[in-house]
Amino acid sequence: MTTQGSETIIDILTSDHREVEQLFEQAKSAGSGEQRRELADQIIADLVRHSVAEEQHLYPAVRQHLDNGNERADHELSEHDTAEQMMKEIESLGADDPQLATKLGELEQEIKHHVEEEEREVFPELSSRVDNAGLVDLGDKIKQAKEQAPTRPHPSSPDSPGLLKLLGPGAGLVDRLRDRLSGRNV
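Each residue of the sequence shown is one higher than the last, beginning at 6 in the working numbering.
No lab work stands behind these hints: they were computed from the structure. Be aware that a few hints might be false.
Said to hold, decoys possible - Heads up, simulated SDA-like pairs for lysine to any residue below, C-alpha to C-alpha not over 20 Å straight-line:
hint: 1; residue 1: Lys117; residue 2: Thr107
hint: 2; residue 1: Lys151; residue 2: Ser11
hint: 3; residue 1: Lys108; residue 2: Val25
hint: 4; residue 1: Lys146; residue 2: Arg134
hint: 5; residue 1: Lys33; residue 2: His118
hint: 6; residue 1: Lys117; residue 2: Asp46
hint: 7; residue 1: Lys93; residue 2: Glu81
hint: 8; residue 1: Lys151; residue 2: Asp21
hint: 9; residue 1: Lys117; residue 2: Gln90
hint: 10; residue 1: Lys93; residue 2: Glu111
hint: 11; residue 1: Lys117; residue 2: Glu94
hint: 12; residue 1: Lys151; residue 2: Asp46
hint: 13; residue 1: Lys151; residue 2: Leu28
hint: 14; residue 1: Lys148; residue 2: Ser132
hint: 15; residue 1: Lys148; residue 2: Glu24
hint: 16; residue 1: Lys148; residue 2: Gln47
hint: 17; residue 1: Lys117; residue 2: Leu105
hint: 18; residue 1: Lys117; residue 2: His22
hint: 19; residue 1: Lys146; residue 2: Arg68
hint: 20; residue 1: Lys148; residue 2: Ser20
hint: 21; residue 1: Lys151; residue 2: Leu140
hint: 22; residue 1: Lys33; residue 2: Thr107
hint: 23; residue 1: Lys151; residue 2: Glu89
hint: 24; residue 1: Lys108; residue 2: Glu84
hint: 25; residue 1: Lys146; residue 2: Phe128
hint: 26; residue 1: Lys108; residue 2: Phe29
hint: 27; residue 1: Lys146; residue 2: Val135
hint: 28; residue 1: Lys148; residue 2: Phe128
What the hints assert, rightly or not - For each label pair, taking beta carbons as the anchor points, the in silico distance ranges come out as:
hint: 29; residue 1: Glu76; residue 2: Gln114; range: 19 to 25 Å
hint: 30; residue 1: Ser11; residue 2: Ser34; range: 32 to 38 Å
hint: 31; residue 1: Asp101; residue 2: Glu130; range: 41 to 47 Å
hint: 32; residue 1: Arg23; residue 2: Arg134; range: 21 to 27 Å
hint: 33; residue 1: Gln69; residue 2: Gln149; range: 16 to 22 Å
hint: 34; residue 1: Gly36; residue 2: Gln69; range: 43 to 49 Å
hint: 35; residue 1: Ser133; residue 2: Glu39; range: 41 to 47 Å
hint: 36; residue 1: Ser20; residue 2: Glu84; range: 18 to 24 Å
Because the structure is a prediction, the values reported are computed rather than measured. Don't be surprised by glycine CBs; every beta carbon is placed ideally from N, CA and C.
Please build the complete structure, drawing on both the sequences and the hints.
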């Protein structure tokens with residue numbers, strides 16, 4: 006077991022939730038389409054990294070430790086799939102597209118629902134069933150996964166943790182290269 010940090014998986018994922026909520030608020034009050042587009046890119050990159058990390062480490066822990074873990078993880082993964090389709094659509098919209106703000110609002114509602122479920126149900130139950138050292142170990146794994154994760158949605162990619170661990174770093178590398186070449190600063 007690693008003891009790199011002291012933040013638990015719940016600390017890290019909850020912090021991610023608050024950061025994305027702030028980005029959604031900034032996007033709503035963006036002064037220009039270009040500003041909104043940049044914030045949309047940041048929201049998408051943050052959500053993709055967060056989702057991939059959850060799929061690799063949170064949901065396997067949910068399957069292992071929680072009552073009805075398989076059903077609960079499958080439900081959360083289904084919500085990820087919906088959000089990923091929405092992000093792919095947003096990614097295709099230009100800065101001046103009037104649908105950009107509307108689609109971001111729809112994504113925000115989807116994410117709010119998902120976050121509420123995790124924070125109200127999944128996190129408390131996980132923290133009651135996994136000791137602090139285990140939660141910190143999962144936190145370290147989440148941090149590593151986020152560093153290597155893709156920055157763009159890939160709706161057709163597998164949800165299997167093993168395949169994500171194998172394919173995710175390659176997709177992440179390609180995405181970061183695309184980001185640099187296109188000037189996307191995420």
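These are the hints, each one checked on the structure:
Restraint check for Lys117 and Thr107: the C-alpha separation of about 15 Å stays at or below 20 Å, so the hint holds. With a CA separation close to 17 Å, the supplied pair Lys151 and Ser11 stays within the 20 Å bound. Distance hint between Lys108 and Val25 is fulfilled; the C-alpha atoms sit about 15 Å from each other, no more than 20 Å. Our distance criterion of 20 Å between C-alpha atoms is met by Lys146 and Arg134, whose separation comes to about 18 Å.
Annotation: proposed proximity of Lys33 to His118 holds, straight-line Cα distance about 18 Å (limit 20 Å). The suggested pairing of Lys117 with Asp46 holds, with an alpha-carbon distance near 18 Å, which does not exceed 20 Å. The suggested pairing of Lys93 with Glu81 holds, with an alpha-carbon distance near 18 Å, which does not exceed 20 Å. A distance of roughly 11 Å separates the Cα atoms of Lys151 and Asp21; the hinted pair therefore holds under the 20 Å criterion.
The straight-line distance between the Cα atoms of Lys117 and Gln90 is roughly 16 Å, inside the 20 Å bound, and the hint therefore holds. Taken as a hint, the Lys93 and Glu111 pair is honoured in the structure, with Cα atoms around 13 Å apart against an allowance of 20 Å. At roughly 18 Å between alpha-carbon atoms, Lys117 and Glu94 fall within 20 Å of each other, so this suggested pair holds. Distance hint between Lys151 and Asp46 is fulfilled; the C-alpha atoms sit about 16 Å from each other, no more than 20 Å.
Between Lys151 and Leu28 the alpha-carbon distance is near 18 Å, which keeps this suggested pair within the 20 Å criterion. Restraint check: the Cα-Cα separation between Lys148 and Ser132 comes to about 18 Å, which is no more than 20 Å; the hinted pair holds. A threshold of 20 Å between alpha carbons decides the hint, and for Lys148 with Glu24 the separation of about 15 Å falls inside it, so the pair holds. Proximity of Lys148 to Gln47 is assessed by CA-CA distance (about 18 Å); at most 20 Å being required, the pair is judged to hold.
For the hint pairing Lys117 with Leu105, the CA-to-CA distance comes to about 18 Å; that is within 20 Å, so the pair holds. Taking the CA atoms of Lys117 and His22, the gap is about 9 Å. The hint holds against a cut of 20 Å. Distance hint between Lys146 and Arg68 is fulfilled; the C-alpha atoms sit about 17 Å from each other, no more than 20 Å. With a C-alpha separation of about 12 Å, the suggested pair Lys148 and Ser20 falls inside the 20 Å cut-off, and the hint holds.
The suggested pairing of Lys151 with Leu140 holds, with an alpha-carbon distance near 16 Å, which does not exceed 20 Å. Restraint check for Lys33 and Thr107: the C-alpha separation of about 10 Å stays at or below 20 Å, so the hint holds. Of the pairs offered as hints, the one joining Lys151 and Glu89 holds, with about 16 Å between alpha carbons and a cut-off of 20 Å not exceeded. Pair hint Lys108 plus Glu84 holds up; C-alpha atoms about 16 Å apart against a cutoff of 20 Å.
At most 20 Å may separate the alpha-carbon atoms for a hinted pair to count; Lys146 and Phe128 meet this at roughly 16 Å. Restraint check for Lys108 and Phe29: the C-alpha separation of about 11 Å stays at or below 20 Å, so the hint holds. Under the criterion of a C-alpha separation no larger than 20 Å, the hint pairing Lys146 with Val135 is consistent with the structure, at around 15 Å. A C-alpha spacing of about 17 Å is found between Lys148 and Phe128, which places the hinted pair at or below 20 Å, so the restraint holds.
Separation of Glu76 from Gln114 is about 23 Å and conforms to the stated range, judged on CB atoms against 19 to 25 Å. Remark: the range hint 32 to 38 Å for Ser11 to Ser34 is upheld by a beta-carbon distance near 35 Å. Range check, Asp101 to Glu130: about 45 Å between beta-carbon atoms, so the 41 to 47 Å window is met. Separated by about 24 Å at the C-beta atoms, Arg23 and Arg134 satisfy the suggested range of 21 to 27 Å.
Range check, Gln69 to Gln149: Cβ separation about 19 Å, and the 16 to 22 Å hint holds. Between Gly36 and Gln69 the C-beta distance comes to about 47 Å, which sits within the given range of 43 to 49 Å. A hinted range of 41 to 47 Å holds for the C-beta pair Ser133 and Glu39, which are about 46 Å apart. For the pair Ser20 and Glu84, the supplied restraint of 18 to 24 Å holds, since their beta-carbon distance comes to about 20 Å.
In summary, this structure violates none of the numbered hints.
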